[in-house]
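Chemist: Position chains B and C relative to chain A; hints supplied.
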Amino acid sequence: MIKFLFDGLMRDKSRSLLPIIVVALGVMMTVFLQSYMNGVMGDSIEASANFTTGHVKVMTRAYNQNISQMPNDMALLGVDTLLQKLNKQYPDVTWAERIQFAGLLDAPDSKGHTRSQGNVTGMGISLLKSNEEIDRMNLRNNLVSGRFPNKPDEILLSDQLFHKMNLKLGDEVTLISSSMYGDMAMYNFHVSGTLHFGINVLDRGTMIADISDVRSALNMENAAGEILGFFRGKRYDDKMAITYADNFNKQYATSKDKYAPEMLPLSDMNNMGFFVAYDNEVQKIIIMVFIIAMAVVLWNAGLIGGLRRYGEFGLRLAIGESKHEIYRSLVAESLLVGIIGSLIGVLLGLFISYFMEKYGIDTSEMMKDSTFMLPTVLRAHITATTYFIGFIPGIISTVIGAMLAGIGIYKRQTANLFKELES
Amino acid sequence: MKSLKFSLSLLLITTISNAQNYPSGKSILDKVDNNMSSKSRVVTAKMEIAGSRATRTMVEKTYSEGDHKAYTEYLAPAREKGTKMLKLENQLWIYSPSTDRTIQISGHMLRQSVMGSDMSYEDLMNDTPLLHRYKADVTGEESIDSRTCWIVTLTAIIADITYYRQKMWVDKEHYVPLKIEMFAKSGKLLKRTTLSNIQKVQGRWFPMSFTYKDMLKDGVGTKISILDIQLDSAIPANYFNLGNLN
Amino acid sequence: MLLIKTALRSLIGNGLKTWLNVFVLSFSFVLIIFMQGLLEGWNRQAVKDAVKWEIAGGQYWNQKYDPYDPFSIDSSASALPVTFKSEYAAHQLEPILISQGTIYPGGHMFSTLLKGIRADQHLLALPTNLLKSKNSSDIPVIIGMNMAKQTNLKVNDIVTLRWRDVNGTFEAVDIRIAGIFKTPVPTVDVGQIWLSLKQLQKMTLQPNAATILIKSDQVATQTLTAWPFKDQIEMTKQTVALVKAKSTGFSIFYFIFLMLALIAIFDTQTLSIFRRQREIGTFVALGMTQSQVVGLFTLEGTLNALLAIVAGTLYGLPLFIYYALKGLSFGMDTSSFGIPMDDRMYPVFTPNLIFGTIIFIIVITAAVSYLPARKIARMKPTDAIRGKAL
Chain A
1 MIKFLFDGLM RDKSRSLLPI IVVALGVMMT VFLQSYMNGV MGDSIEASAN FTTGHVKVMT
61 RAYNQNISQM PNDMALLGVD TLLQKLNKQY PDVTWAERIQ FAGLLDAPDS KGHTRSQGNV
121 TGMGISLLKS NEEIDRMNLR NNLVSGRFPN KPDEILLSDQ LFHKMNLKLG DEVTLISSSM
181 YGDMAMYNFH VSGTLHFGIN VLDRGTMIAD ISDVRSALNM ENAAGEILGF FRGKRYDDKM
241 AITYADNFNK QYATSKDKYA PEMLPLSDMN NMGFFVAYDN EVQKIIIMVF IIAMAVVLWN
301 AGLIGGLRRY GEFGLRLAIG ESKHEIYRSL VAESLLVGII GSLIGVLLGL FISYFMEKYG
361 IDTSEMMKDS TFMLPTVLRA HITATTYFIG FIPGIISTVI GAMLAGIGIY KRQTANLFKE
421 LES
Chain B
1 MKSLKFSLSL LLITTISNAQ NYPSGKSILD KVDNNMSSKS RVVTAKMEIA GSRATRTMVE
61 KTYSEGDHKA YTEYLAPARE KGTKMLKLEN QLWIYSPSTD RTIQISGHML RQSVMGSDMS
121 YEDLMNDTPL LHRYKADVTG EESIDSRTCW IVTLTAIIAD ITYYRQKMWV DKEHYVPLKI
181 EMFAKSGKLL KRTTLSNIQK VQGRWFPMSF TYKDMLKDGV GTKISILDIQ LDSAIPANYF
241 NLGNLN
Chain C
1 MLLIKTALRS LIGNGLKTWL NVFVLSFSFV LIIFMQGLLE GWNRQAVKDA VKWEIAGGQY
61 WNQKYDPYDP FSIDSSASAL PVTFKSEYAA HQLEPILISQ GTIYPGGHMF STLLKGIRAD
121 QHLLALPTNL LKSKNSSDIP VIIGMNMAKQ TNLKVNDIVT LRWRDVNGTF EAVDIRIAGI
181 FKTPVPTVDV GQIWLSLKQL QKMTLQPNAA TILIKSDQVA TQTLTAWPFK DQIEMTKQTV
241 ALVKAKSTGF SIFYFIFLML ALIAIFDTQT LSIFRRQREI GTFVALGMTQ SQVVGLFTLE
301 GTLNALLAIV AGTLYGLPLF IYYALKGLSF GMDTSSFGIP MDDRMYPVFT PNLIFGTIIF
361 IIVITAAVSY LPARKIARMK PTDAIRGKAL
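Residue numbers (the working numbering), protein chains in the order written: chain A, 1 to 423; chain B, 1 to 246; chain C, 1 to 390.
It is possible that some hints are incorrect.
[Claimed, not checked] Once the Cα atoms are required to be at most 30 Å apart in a straight line, the calculated DSBU-like pairs of lysine-lysine come out as:
no.	chain 1	residue 1	chain 2	residue 2
1	B	K200	B	K213
2	C	K202	A	K258
3	B	K188	C	K202
4	C	K154	B	K213
5	B	K185	B	K217
[As the list claims (entries may be wrong)] Pulled a few chain A residues facing chain C out of the computed Cβ check, cut under 8 Å:
no.	residue
6	L25
7	Y36
8	P108
9	S110
10	R204
11	M294
12	V297
Don't read these hints as lab results, they were simulated from the structure. C-beta: ideal position from N, C-alpha, C; glycine also.
Just chain A, with the same shape it has in the complex (with noise of 0.2 Å):
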């Protein structure tokens, strides 16, 4: 039977090609848009994720008051163990150690005095061990000149510090800093590489240095301003961070240590609250109401084109087929259109979401200005639901509209269908 639907498409091309390629474009778009949404809502997220918040982070609950002065006197001590604890706790959590600090870097002439300084706010991560982090904070797209830091003691400097301190690549400076106990810490770093992040409060004055390095420098062995957990191959999952975070803070529930750890999911920090919110609802009700044009538009394709088919019908009820048969076989025939133009729509637009995510619309020029922390590039994200979102409009309106053509059929005198068939 779905053989002969299938010849029978095959063959006639007006019958299949046309409403294939309506239901291909519309699933294609359906499942572009999906992706498209899920990237550009989940980019806003996923980049403070990946920069500041992580999808869940722990720190001492006097550094999490404190946390707009980088308070790394109330940091997290004995961070070997705890981390022990995280990961068997946690296994499906990547953790991510890092120490925010402020200071002044100083740049000596030939006699070892003062040339020039500049204001930086630094960030110690994991630089040597991994790439991970590097990745992470996607710093490769960011690497102006140079090459990252490949042995102890290397930085990475904001462009345009770098060239207002009149610096060169391999140049020593040193941090001026105040060290976890609060006294003055220095130390020197060689400038390896610099980076643009187009995002002004960066731009001004950024280093990034290897956590060890960063630990040597401000006196903080063992230690670490804060943990970022990162839910492995996964986006952020706010249920999940709420229960993780749950669970965790309650093992501390009758610590009265203001010094104790605790886990903070995204939506607790920065006001990421509002764009999960946002993500969350607002993309639903928008791939809702997509989904319900699409099989709007859908169900008119089905329409049409059983409405075209009348004459046909005309003769195969003259030769003896039932209504019923008829209708059966239109609907199956609808069926098979709305499984092929899906398929093909769900490929098309996995094709085209694969490229929006990998190279994206690049808004940068826009945003020079901005000191907002928001991802430049629009890009697509593909997620388990894009493979499937397609064929619900694809598939289902297409049968919906295939069956409301059909109701046609009964309505009409055989004689009237089968005058069609002139036409």
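Modeler: Relative to the frame of chain A, chains B and C by itself:
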């Protein structure tokens, strides 16, 4: 109303008459100076800095000549060992051995705390004699740990000054300050130094322990204990040479 | 006219199919206008809020003032230029003195910016009338909700403030939180304390000094090298850029929606041309040129857009009017987002937006209708009349 006026004027009279009985502020400060100042000093001290989570201990050795030259070397802990600080007149340099750099501390960096203590570099820089900066009045007497003290109130006479007013409790017998409080112009207490364990050193009375505390912040402050002190010993001139820091 | 009537009649005669197409097209139409209106509304509101809370008619900045360099802030004030004397007296120019301070809420140090402003100013929406002190020892201050949240301070709380006067002398007093204001402009809220200008000038020993001058838009701008002027456009550049970036993100979304509607029209057109070959043949037989028939079919397709606009207006207009008047609330406290945004957004529908969208939709619908209709020109009329042309 009348009685209030009366008692007020009575109070005024008593204060005035009391003030007449007090020695002048200058004379007390001079005596403190006589007791404590020396041509040179070599002090080894232990500094305990109480953070809210842990107390750190460091040992430093300071060589000073008069009020304008001071050279400090940190001996412990290992991390700070070899860190040197040189003060000449109103300039301050720090040498850190790990970076092999000498950095001049100036501007806003002076406001940073010394080794994480409640003391700022700026607090170290105030080396002009008190009487050049403040008008001193004896404003009362009080006992501290059963030692009777004069209370000397210092009020700024120059504008360019960190603390507008200081109060100093000076032991009447030994002429050693036992407590110093620093105030804002509004009268708010900002910092307090308590000096204790007064011992006789080469014929002078010296406080061998200090605590230094920022009164607006929580915490217990910074404790300094003198481990060894030598007065009037000759210090080689190259100690006060900037080129010698590294 | 007859052409339009014919086209319209056959279009409406198509019944449900047409209405489905029209519905989707009208939906894209309403959506484009609504979303763009919302963004435009946000943009205007953010600019308006910034003007209301921070910029007024523009700001003169002391040339030494660099808001990004906390270390230079204390030395970036100087005396109010004499040329502004009358404007100052008339409250058409409000000097603001900016200085650094530290507060100690609950024994913790918290660095803040101190901003002095005249209590009786009316250029900015800040509730500065609360800055009038009750007695000589009372120092009332106002802070934003965000700052209140960061420092855990409530109205009537007393907190110690420490600062340094212009000579570097430490000074500390207790200040009273006289009011907590809610503002959509984070740059007058986060990490700062507002107090009376006189008070701050007295506290820092800088009588008559100011760091920035806020000007009323009633008075002309003067050019002073020591006080470069920052106009509203310059001051709101970043907000505008943010909204612009958002609208780029949205435009892909409209594009997809519109594509959907256009596919529907394309589909309908193709099929109706296929089904109506005999009709086409008849038109040609009756003396119409083929290009006239192409025109007729294109017109018929384009009428979809007109119907969509009518339909869109029918259900869109009340919606637009409702939201333009009532605003759209996201049901949350936006003051904590750190982006310039009100709790309630009022979309703005400009004639440019509405007519631009209408013309845009008509033009591309016409294009999509024309594409399948081109086939007609290639038909043999004899085949067409027999229904065998395609």
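Chemist: Look at each hint and say if it fits the structure.
Modeler: Status of the hints after comparison with the structure:
1. Taking the CA atoms of K200 of chain B and K213 of chain B, the gap is about 25 Å. The hint holds against a cut of 30 Å.
2. A C-alpha spacing of about 39 Å is found between K202 of chain C and K258 of chain A, which places the hinted pair above 30 Å, so the restraint is violated.
3. A C-alpha spacing of about 17 Å is found between K188 of chain B and K202 of chain C, which places the hinted pair at or below 30 Å, so the restraint holds.
4. A distance of roughly 28 Å separates the Cα atoms of K154 of chain C and K213 of chain B; the hinted pair therefore holds under the 30 Å criterion.
5. Taking the CA atoms of K185 of chain B and K217 of chain B, the gap is about 19 Å. The hint holds against a cut of 30 Å.
6. Annotation: L25 of chain A was flagged as interfacial toward chain C, and the flag holds, the nearest CB pair being 5 Å apart, inside 8 Å.
7. With a cut of 8 Å, the hint placing Y36 of chain A at the interface with chain C holds, because the nearest CB-to-CB distance is about 6 Å.
8. A distance limit of 8 Å between C-beta atoms decides the matter here; for P108 of chain A the minimum to chain C is near 21 Å, and the interface restraint is violated.
9. Because the beta carbon of S110 of chain A sits about 27 Å from the nearest beta carbon in chain C, more than 8 Å, this interface hint is broken.
10. The interface hint given for R204 of chain A is met, as the beta carbon of that residue sits about 6 Å from the closest beta carbon of chain C, less than 8 Å.
11. Nearest Cβ of chain C to the Cβ of M294 of chain A: about 6 Å, under the 8 Å cut. The hint holds.
12. For V297 of chain A, the interface hint holds, since its Cβ comes within 8 Å of a Cβ in chain C; the closest pair sits about 4 Å apart.
Consistency note: the structure conflicts with the earlier hints numbered 2, 8 and 9.
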